[in-house]
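Participant: Fit chain B to the known structure of chain A by using the hints.
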Amino acid sequence: MLIPLLLLAAAPVPDCGNAQTQMAMTECAGRDANAADAALNRQYAVTLAATKRQDAAIDRATDKAISYSAALVAAQRAWITFRDAECRSQSMEMRGGSAQPMLVYSCTAALTRARTAQLKQLVSQR
Amino acid sequence: MIALATLLLAAATPTPHPAATPHPKASPTPKATPSPGPLTKAALVELDHAESALAGQWKITNAFMAGKDAQDQKRSHFSYAAALLDSQKAWRTYRAAACRVEGGVHAGDVRQPLIVAQCKTALTNARRLQLKGLMASE
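Read top to bottom, the protein sequences are chains A and B. Plus 537 on top of the position in the first sequence (first one is 1) and you've got my numbering. Plus 2 on top of the position in the second sequence (first one is 1) and you've got my numbering.
Please note that the accuracy of each hint is not assured.
Unchecked claim - Here are a few chain A residues that sit away from chain B, every Cβ distance over 10 Å (derived from the structure):
no. : residue
1   : Val-550
2   : Thr-558
3   : Ala-561
4   : Asn-571
5   : Leu-577
6   : Gln-580
7   : Val-583
8   : Lys-589
9   : Arg-614
10  : Ser-635
Unchecked claim - Some chain A residues close to chain B (C-beta under 7 Å, calculated; not the full set):
no. : residue
11  : Tyr-605
12  : Ala-608
13  : Leu-609
14  : Ala-611
15  : Ala-615
16  : Trp-616
17  : Thr-618
18  : Phe-619
19  : Ala-622
20  : Glu-623
21  : Arg-625
22  : Ser-626
23  : Met-629
24  : Arg-632
25  : Gly-634
Treat the hints as calculated values from the structure; they're not laboratory data. Backbone N, C-alpha and C define an ideal beta-carbon position, used for all residues, glycine too.
Isolated chain A (complex conformation) (with noise of 0.2 Å):
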């Protein structure tokens, strides 16, 4: 993960209203892949933070189910399994092509903003 993002992060930035070649297309869908993933970070601190402050709450001497925060790791570490396979079964059209980048950028940053509007929404209900 950590070389295609130095690569992005090198190359030159594309016109993404107008990208025409594959590497562009390619290049344009990893920024915004990498855009999603990072107000996915942002939002899932905000959440985490909230189910902290819930398990402040719990009486440990009568509570002994698991906590709110190590739920939410949990179902978190659970999308990101399931995201990565989810994409690779997207992609798997373009395996081995040029283009198979692009698609799992795309299924990425499609996922990735379905599940920042659900860690958002986890907020809204505390």
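Facilitator: Coordinates of chain B only, in the frame set by chain A:
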């Protein structure tokens, strides 16, 4: 591709199912009772319907992917059907974990099973559309 991404985004967003039982948000928190109330029972029926619909779509999409495997001339070790199954297993684990968190918001509350059922129904309906979209994008 944009259409696919939009579809996936819409499909994956956990919006409540239109027919889902309304969330009794304004009512005060009732005390927990051992048996599910009418709202929870209705939500569980809704979940059963969503599960059945997902199972039906799974058969269609899985058969579609198996057909692609049969036609695959590359004879590689990749399998569309296997990749789909991996994703579906991961989705099941994710759904359980995500809805556990949503239910946690109402821990100790009689509405907790209702919230979990509604969460699972919403994600299940979204997943059904996602599986359907996998074929539409081809």
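Participant: Hint by hint, say whether it matches the structure.
Facilitator: Hint by hint, here is what the structure shows:
Annotated as non-interface, Val-550 of chain A keeps its C-beta farther than 10 Å from every C-beta of chain B; the closest such distance is 20 Å. Taking the minimum C-beta to C-beta distance to chain B, about 15 Å, the non-interface status of Thr-558 of chain A holds against the 10 Å cut. No beta-carbon of chain B is positioned within 10 Å of the beta-carbon of Ala-561 of chain A; the least distance is around 14 Å. With a least beta-carbon separation of about 15 Å from chain B, Asn-571 of chain A lies farther than 10 Å from that chain, consistent with its non-interface assignment.
Remark: the non-interface label on Leu-577 of chain A is consistent with the geometry, its nearest Cβ contact in chain B lying 13 Å away (cut-off 10 Å). Non-interface call for Gln-580 of chain A relative to chain B: holds, since the shortest CB-CB distance, roughly 14 Å, exceeds 10 Å. No Cβ of chain B approaches the Cβ of Val-583 of chain A within 10 Å, the least distance being about 14 Å, so the stated non-interface status holds. The non-interface label for Lys-589 of chain A is consistent with chain B: the shortest C-beta to C-beta separation is roughly 13 Å, beyond 10 Å.
Listed as a non-interface residue, Arg-614 of chain A fails to keep its Cβ farther than 10 Å from every Cβ of chain B; the least gap is roughly 8 Å. The claim that Ser-635 of chain A lies off the interface holds: its Cβ sits roughly 14 Å from the closest Cβ of chain B, which is beyond the 10 Å cut-off. Checking Tyr-605 of chain A against chain B by beta carbon gives a least distance of about 5 Å; that is within 7 Å, so the hint holds. Hint on Ala-608 of chain A holds. Least Cβ distance to chain B is approximately 5 Å, under the 7 Å limit.
For Leu-609 of chain A, the suggested interface contact is upheld, since its CB lies about 5 Å from the closest CB of chain B, less than 7 Å. Annotation: Ala-611 of chain A was flagged as interfacial toward chain B, and the flag holds, the nearest CB pair being 5 Å apart, inside 7 Å. The criterion of a C-beta within 7 Å of any C-beta in chain B is met by Ala-615 of chain A, whose closest approach is roughly 4 Å, and the hint holds. For Trp-616 of chain A, the suggested interface contact is upheld, since its CB lies about 5 Å from the closest CB of chain B, less than 7 Å.
About 5 Å separates the beta-carbon of Thr-618 of chain A from the nearest beta-carbon of chain B, less than 7 Å, and the hint is met. Because the smallest distance between the Cβ of Phe-619 of chain A and any Cβ of chain B comes to about 4 Å, under 7 Å, the interface hint for this residue holds. Interface hint status for Ala-622 of chain A: upheld, as the beta-carbon distance to the closest one in chain B is roughly 4 Å, under 7 Å. Hint status for Glu-623 of chain A relative to chain B: holds, with the closest Cβ pair at about 4 Å, below 7 Å.
Here the hint on Arg-625 of chain A is kept, as its CB sits about 6 Å from the closest CB of chain B, short of 7 Å. With a cut of 7 Å, the hint placing Ser-626 of chain A at the interface with chain B holds, because the nearest CB-to-CB distance is about 4 Å. At about 6 Å, the closest approach between the beta carbon of Met-629 of chain A and any beta carbon in chain B falls short of 7 Å, and the interface hint on this residue holds. For Arg-632 of chain A, the suggested interface contact is upheld, since its CB lies about 6 Å from the closest CB of chain B, less than 7 Å.
Because the smallest distance between the Cβ of Gly-634 of chain A and any Cβ of chain B comes to about 11 Å, over 7 Å, the interface hint for this residue is violated.
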